[in-house]
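Position chain B relative to chain A; hints supplied.
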Amino acid sequence: MLTACTLQFSIYTFKNPVQTKSFSTLNPPHQTLLPQSLSLSLSLSLTHRIQEIKMLSAKATCNSHGQDSSYFLGWEEYEKNPYHQHKNPNGIIQMGLAENQLSFDLLESWLKNNPDSAGFKPDNHSLFKELALFQDYHGLPAFKNALADFMSEIRSNKVTFDPNNLVLTAGATSANETLMFCLANPGEAFLLPTPYYPGFDRDLKWRTGAEIVPIHCSSSNGFRITESALEDAYQQAQKQNLKVKGVLVTNPSNPLGTSLSLHELELLVNFVSSKNIHLISDEIYSGTVFSSPGFISIMEVLKNKGLMNTEVWKRVHIVYSLSKDLGLPGFRVGAIYSNDDLVVSAATKMSSFGLISSQTQYLLSEMLSDKKFTRTYLSENRKRLKQRHEMMEKALQKAGIRCLKGNAGLFSWVDMRHLMSSQTFEGEMELWKKIVYEVGLNISPGSSCHCSEPGWFRVCFANMSKETLLLAMQRLNYFVDSMAKKDNRSGRRQPLNGNPRRSKSLPKWVFSLSFTSTKRNGVTMGR
Amino acid sequence: MAIKIVKAQPPVELSKIAVSETHGENSPYFAGWKAYDENPYHEKHNPHGVIQMGLAENQVSFDLLEEYLASNQEAASWGKKVSGFRENALFQDYHGLLTFRKAMASFMEQVRGGKAKFDPERVVLTAGATAANELLTFILANPGDALLVPTPYYPGFDRDLRWRTGVEIVPIHCESSNKFQITPEALESAYDHARSMNMKVRGVLITNPSNPLGATIQRKFLEQILDFVTRKNIHLVSDEIYSGSVFHSDEFVSIAEILESRNYQDSERCHIVYSLSKDLGLPGFRVGTVYSYNNQVVTTARRMSSFTLISSQTQFLLASMLSDKDFTEKYIKINRERLRKRYEMIVNGLKKAGIECLKGNAGLFCWMNLSPYLKEATREGELEIWKTIMEEVKLNISPGSSCRCSDAGWFRVCFANMSEETLEVALTRLYEFMDRWRRDRHVLSM
Numbered sequence: 030m031l032t033a034c035t036l037q038f039s040i041y042t043f044k045n046p047v048q049t050k051s052f053s054t055l056n057p058p059h060q061t062l063l064p065q066s067l068s069l070s071l072s073l074s075l076t077h078r079i080q081e082i083k084m085l086s087a088k089a090t091c092n093s094h095g096q097d098s099s100y101f102l103g104w105e106e107y108e109k110n111p112y113h114q115h116k117n118p119n120g121i122i123q124m125g126l127a128e129n130q131l132s133f134d135l136l137e138s139w140l141k142n143n144p145d146s147a148g149f150k151p152d153n154h155s156l157f158k159e160l161a162l163f164q165d166y167h168g169l170p171a172f173k174n175a176l177a178d179f180m181s182e183i184r185s186n187k188v189t190f191d192p193n194n195l196v197l198t199a200g201a202t203s204a205n206e207t208l209m210f211c212l213a214n215p216g217e218a219f220l221l222p223t224p225y226y227p228g229f230d231r232d233l234k235w236r237t238g239a240e241i242v243p244i245h246c247s248s249s250n251g252f253r254i255t256e257s258a259l260e261d262a263y264q265q266a267q268k269q270n271l272k273v274k275g276v277l278v279t280n281p282s283n284p285l286g287t288s289l290s291l292h293e294l295e296l297l298v299n300f301v302s303s304k305n306i307h308l309i310s311d312e313i314y315s316g317t318v319f320s321s322p323g324f325i326s327i328m329e330v331l332k333n334k335g336l337m338n339t340e341v342w343k344r345v346h347i348v349y350s351l352s353k354d355l356g357l358p359g360f361r362v363g364a365i366y367s368n369d370d371l372v373v374s375a376a377t378k379m380s381s382f383g384l385i386s387s388q389t390q391y392l393l394s395e396m397l398s399d400k401k402f403t404r405t406y407l408s409e410n411r412k413r414l415k416q417r418h419e420m421m422e423k424a425l426q427k428a429g430i431r432c433l434k435g436n437a438g439l440f441s442w443v444d445m446r447h448l449m450s451s452q453t454f455e456g457e458m459e460l461w462k463k464i465v466y467e468v469g470l471n472i473s474p475g476s477s478c479h480c481s482e483p484g485w486f487r488v489c490f491a492n493m494s495k496e497t498l499l500l501a502m503q504r505l506n507y508f509v510d511s512m513a514k515k516d517n518r519s520g521r522r523q524p525l526n527g528n529p530r531r532s533k534s535l536p537k538w539v540f541s542l543s544f545t546s547t548k549r550n551g552v553t554m555g556r
Numbered sequence: 028m029a030i031k032i033v034k035a036q037p038p039v040e041l042s043k044i045a046v047s048e049t050h051g052e053n054s055p056y057f058a059g060w061k062a063y064d065e066n067p068y069h070e071k072h073n074p075h076g077v078i079q080m081g082l083a084e085n086q087v088s089f090d091l092l093e094e095y096l097a098s099n100q101e102a103a104s105w106g107k108k109v110s111g112f113r114e115n116a117l118f119q120d121y122h123g124l125l126t127f128r129k130a131m132a133s134f135m136e137q138v139r140g141g142k143a144k145f146d147p148e149r150v151v152l153t154a155g156a157t158a159a160n161e162l163l164t165f166i167l168a169n170p171g172d173a174l175l176v177p178t179p180y181y182p183g184f185d186r187d188l189r190w191r192t193g194v195e196i197v198p199i200h201c202e203s204s205n206k207f208q209i210t211p212e213a214l215e216s217a218y219d220h221a222r223s224m225n226m227k228v229r230g231v232l233i234t235n236p237s238n239p240l241g242a243t244i245q246r247k248f249l250e251q252i253l254d255f256v257t258r259k260n261i262h263l264v265s266d267e268i269y270s271g272s273v274f275h276s277d278e279f280v281s282i283a284e285i286l287e288s289r290n291y292q293d294s295e296r297c298h299i300v301y302s303l304s305k306d307l308g309l310p311g312f313r314v315g316t317v318y319s320y321n322n323q324v325v326t327t328a329r330r331m332s333s334f335t336l337i338s339s340q341t342q343f344l345l346a347s348m349l350s351d352k353d354f355t356e357k358y359i360k361i362n363r364e365r366l367r368k369r370y371e372m373i374v375n376g377l378k379k380a381g382i383e384c385l386k387g388n389a390g391l392f393c394w395m396n397l398s399p400y401l402k403e404a405t406r407e408g409e410l411e412i413w414k415t416i417m418e419e420v421k422l423n424i425s426p427g428s429s430c431r432c433s434d435a436g437w438f439r440v441c442f443a444n445m446s447e448e449t450l451e452v453a454l455t456r457l458y459e460f461m462d463r464w465r466r467d468r469h470v471l472s473m
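Taken in sequence, the protein lines are chains A and B. Residue numbering for the first sequence follows this note's numbering, beginning at 30 and increasing consecutively. Residue numbering for the second sequence follows this note's numbering, beginning at 28 and increasing consecutively.
Only true hints are included.
In silico DSBU-like pairs for lysine-lysine, Cα to Cα no more than 35 Å straight-line: (1) A:LYS334 x B:LYS43; (2) A:LYS400 x B:LYS107; (3) A:LYS158 x B:LYS378; (4) B:LYS360 x B:LYS247; (5) B:LYS129 x A:LYS109; (6) B:LYS43 x A:LYS332; (7) A:LYS187 x A:LYS334; (8) A:LYS495 x B:LYS107; (9) A:LYS109 x B:LYS107.
FRET-style restraints, in silico, Cβ to Cβ: (10) B:LYS227 x A:SER450: 46 to 54 Å; (11) B:GLU447 x A:HIS167: 29 to 37 Å; (12) A:LEU371 x B:PRO399: 38 to 46 Å; (13) B:GLU40 x A:HIS167: 20 to 28 Å.
Derived list of chain B stretches under chain A, where covered just means 3 residues or more per stretch with a C-beta under 8 Å from a C-beta of chain A: (14) 97-109; (15) 114-123; (16) 152-159; (17) 163-172; (18) 300-311; (19) 330-338.
For the record, the hints were derived by calculation from the structure and aren't laboratory data. Only a predicted model underlies this, so the values are computations on that prediction, with no experimental measurement involved. Glycine is no exception: its CB is placed at the ideal position from the N, C-alpha and C atoms.
For reference, chain A alone in the conformation it holds in the complex (with noise of 0.2 Å):
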């Protein structure tokens, strides 16, 4: 029953922060009424603890036996302290949650401007008694059709989608592990490019039994898929005698923030093919694409290379959600769009486990049938994620941090080797939790992402005001400039670890950057 397993927990902190009650906050039923001998708290027997254990499934249990607590203390501190800007002003910044709180007026105006999408008139009895009793899991049509539309203009059009082809789910997370129980036996493995979402940890595996088998990317190329690395990542699969049944991409991705290039997407397509295994692309973040080289979508690939109705189309499958690129979470929106007639079947049937709540697929077909809204949002929201990202590259770039050269998303994968005091992983954690406990900044580490190489992070932002952004990039330009001073002061020397920029000429650098600097020449913090 107490099976090893590598569950991370780490994938719970970035999709549930309010997630830290322990056991012993669970209080068992009108404790007051139980004798002391039945409490139901941690401080269980160790032989009690492990009868209790038993009663649960090897998923159940497996769970709890991953954890790795460290992820949990950025939450967890967030939790404890949270920023507000006037309440809390010292308080530690959320920058670890990948939301879209950009365009949420936007929205409120459309509500505003047509209320019966959301309220239920008292003359349209109808209308929320038809709701009320809709629950095929077909969905509704009027949504599906006005899903299928926004997803087209997304890719301005490009390729379109059949809303017969469409599967509804209660969010992107529900989306991809029905696609995971529909393609992979237990045991069967799935290729997924690192750094990759914390979540496909659970979502993939928890309850499917599949295997995920990492194509390692690395810094040297931007990150991009490579041939070798995805031959070497089907290499290392049959070497754990895992059958491989596809490749997992998110495209714009998360955490690198950039859009896959058509020759990635060329190679995905020669490889799922020779390979004869299906492929995900997973493309919640297709709405947020701001600048170029724009998106591209791996339907268009095919349609251009004169693939569709093949083999290899029917293996493509795309999954999407609304609550990145509309910024709506909470009402669990998601889909899984495939040619492949025996998935949409199966994955329909399945989508019964986690249906979207009536009441929410028509006000969201309301609102996506609405195109001259939907045409106005989708543009307005990507110019403002356009311009939240150049401000956190720019103030980033003052303190002497760069990052990779982002296209889309709500974060920036940013770059912060150089501040580590050994190039391991141990010191990415060191350099994390300094950056949590003292410069009150929740951001990502790499290595919940799967990273292969240390020293990178995932900071979003779009999920708090400009102000407390700049605050943010204030508070970091301070910890670079005093952890450079504290280098000179000390003397010390950082290890030349093979990274050339330990060098002395590091502090005076970054020094010049600094805020005292900008102040200096006539720059101030905030612009």
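The following block gives chain B in isolation, referenced to the frame of chain A:
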């Protein structure tokens, strides 16, 4: 770059789960649904069409809900707070909206007449009871393990408990001879049968009130079931989604009450499933819950609920509705009365037609006994009469064999998913059919 396409390969397989038939949708019973879909009854447009009596929906109390909505419009529009929409749209915490959890806990208490207490911290939200049952199965059992389920049972369990989980259902055979009650002997027999097939038994899953029986499980039997699971050191899942549909409030005993009366001794093996799909008639909104007395189950269920969260928009609306204690009290009372009236109407109507039902006291359906009218007391005999009722009487009802009933000739007939007038039409048709049938029999026997 040129795309090198490798031709002529066998299509890559989908998973075993994807191609299995465990979803149960290719069963012969779907013929009934098909007949209805192709020729649905409509009072004006299609008065000779098939009347749907196979759908356990509660349509008798919508006016009460609509009345509430009309006087509380902010509930559907995120309240009066300016940032209401924004906060709600961002809320994806798998703990669920606290106000909603509190409202659910208090509603569950009200439904049980205050005879049991529910702690909001133990309420785990899922998108419907379908998800709740599957989720619990994932947590309580490994692939290949068995859950014991009394027959007859809701056909959906074959999918919900088994399909993706790989868990088996071993039936606890209940017989008409003793009103389908769950006896200790039947429990032991099912357990032994599972063991003989080398399956590890993980728990018992009961539906109380029962679907399809339309009857509550008596206290005495609940106590025996609890004793049984305790003796075997296994779990007990009590699916109480029809608890608000009991015609007389004092006739329902929840497992929660029994646990409370035992001071929650050894309660960590007990879990309750609830939903608003039947009591409130809101299956489209996908509102289910797992309520567990086991801390680890609560924690794990909460994490698993990530795959099946309830839309925060819907949580907000229902938090408001269910927090209104005056409304819920009124609703529960009136809903009960209306369901009771419907039940009496159908039972009397069937009696007139010469058909008996199991004495029911809950739910949205009655358990009708056509065994005296079967040509042969077999599944085939049952299906034959079922087809006749579908094709000649034009009623879609659910045959007991689809619910794994061991006695042939029983049918579940829903009464709450239509207007009173439509129910009258259905009863008249049945009366006329039975009348004809008896006359023909009489002629034949002369």
